[in-house]
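**Q** Protein chains in written order, with our numbering: chain A, 491 to 777; chain B, 68 to 186.
No false leads were mixed into what you were given.
Okay, derived cross-link-like pairs now, EDC-like style, lysine to aspartate or glutamate, Cα gap no bigger than 20 Å in a straight line:
no., chain 1, residue 1, chain 2, residue 2
1, B, K168, A, E580
2, B, K172, A, E694
3, B, K168, A, E694
4, B, K70, A, D557
5, A, K652, A, E720
6, B, K168, B, D135
7, B, K129, B, E99
8, A, K751, A, D713
9, B, K70, B, E133
10, B, K168, A, D759
11, A, K589, A, D541
12, A, K704, A, E715
13, B, K172, A, D698
14, A, K672, A, D541
15, A, K652, A, D724
16, A, K589, A, D571
17, A, K652, A, D713
18, B, K117, A, D557
19, A, K652, A, E707
20, A, K527, A, D753
21, B, K168, A, D698
22, A, K704, A, E748
The set of hints was computed from the structure by calculation and includes no laboratory data.
Listed below, chain by chain, are the residues.
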Amino acid sequence: MAEVAAVIASTHHPFYYRASTSTGADRPPFADEWVAKIERFRETLTRAEPDVLVMVGSDHFHQLWLDNMPQFLVGKAPFFDANWYNEEREFGLPRMTLKGEEELAAHILRDGLDRDFDLAFSNELRIDHSITCPIITLRPQADLPIVPIYTNIFAPPLPQPKRFVQLGRAIREMVESWESGKRVAIIGTGHLSLELGGPRQFGEHGPDPEFDRKAVEWIASGDIEGCLAEVSLDSLHSPGNATHGFMDFMLMMGVAGEGRKADHVDTLDLFHTMEAYFTWYPNGAPA
Amino acid sequence: MSKYLLDKFLYTVDRDPELVERYREDPAGTVEWWEAEMANRILNVIDAEKTTWLSFTEDERKALREHDHVTLFQMGAHPFLTLTLFIAMFERDHGPLEYQKAYGKAMEHISMPYPDIST
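If we strip away everything but chain A, and leave its shape as in the complex, we get (with noise of 0.2 Å):
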């Protein structure tokens, strides 16, 4: 059966890329370091020497529109394009060309359905920064093949929070139910308080610190029970209007499983909102 090499749950910023490769007078004073906490961020997966990636993230607004939207959905094809031209135009991100893992989709789709998730699934999905993000962070060579899943957080009516914890601990499972000799990684990512086009965007931090402190702590002690027991999805409007993003984290929390300790927990105060890596290695720390 394939082994989780590694869990993994992250803020996606996508000025990362721009704000790491510029010089000069370009580059701003956080630069140097962000690509310090993101280097030993990405260590920790390299560490886990994973030949899959699973990647959680979510659409927004590329491929998946109100006329026919899905609240979870599989990417089973042989690659996966990425990035697109709003993307480039806002964040200056490269165009990219990803492999699949066809295989493990289909056992995920399969596996999942039998499970009683009603799986949408795509045969070409052009992905979008919530998945290349953690792709230029964490392994930006860009060398292994990825199966995308795609949340809903973004499109009200929203799944509640404790389906995607739930989602979450069946990724899990289906993972190292898959007949495979193969270390997978499931990689995903989301947000911390965020607002996104409201009074309180862009501000010196993000919108709520407190929010952003309680959540850090739920994530990296793997607090399920205390974060559903505050979480719903009336009260992700109160720390900014985007975080409902923060169900993303939980369906990582799931992954990892209740009470589990992240073994990396870093966090980066930015200006517009914090952020926040966690990495767990549920069959021990790699040597």
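Starting from the known structure of chain A, arrange chain B on it as the hints suggest.
**A** Relative to chain A, chain B alone:
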């Protein structure tokens, strides 16, 4: 009121470089053309199978014609779509993050709960 149609306008313009420029330069003309020609096209469906019932209210047309992102927010247009498109159109006229901060400041009188964006 159709939040869906407002979102469809913002979505289809934002993803097309030519339409971004056209909406920046000629908002009234772009909104009139888009409602006549594009509003009822189902994406990925041929013209012979157009929708028959979608149109803007006059208030919606006015907000789009006037590039009024504050009113669009109050109408429940999806804030991510509005922000992304407006950054594409107007960030170039300002210093780093200046436009994004002014965009938020123009909405500082809006309090929680924000308008519902469900479609």
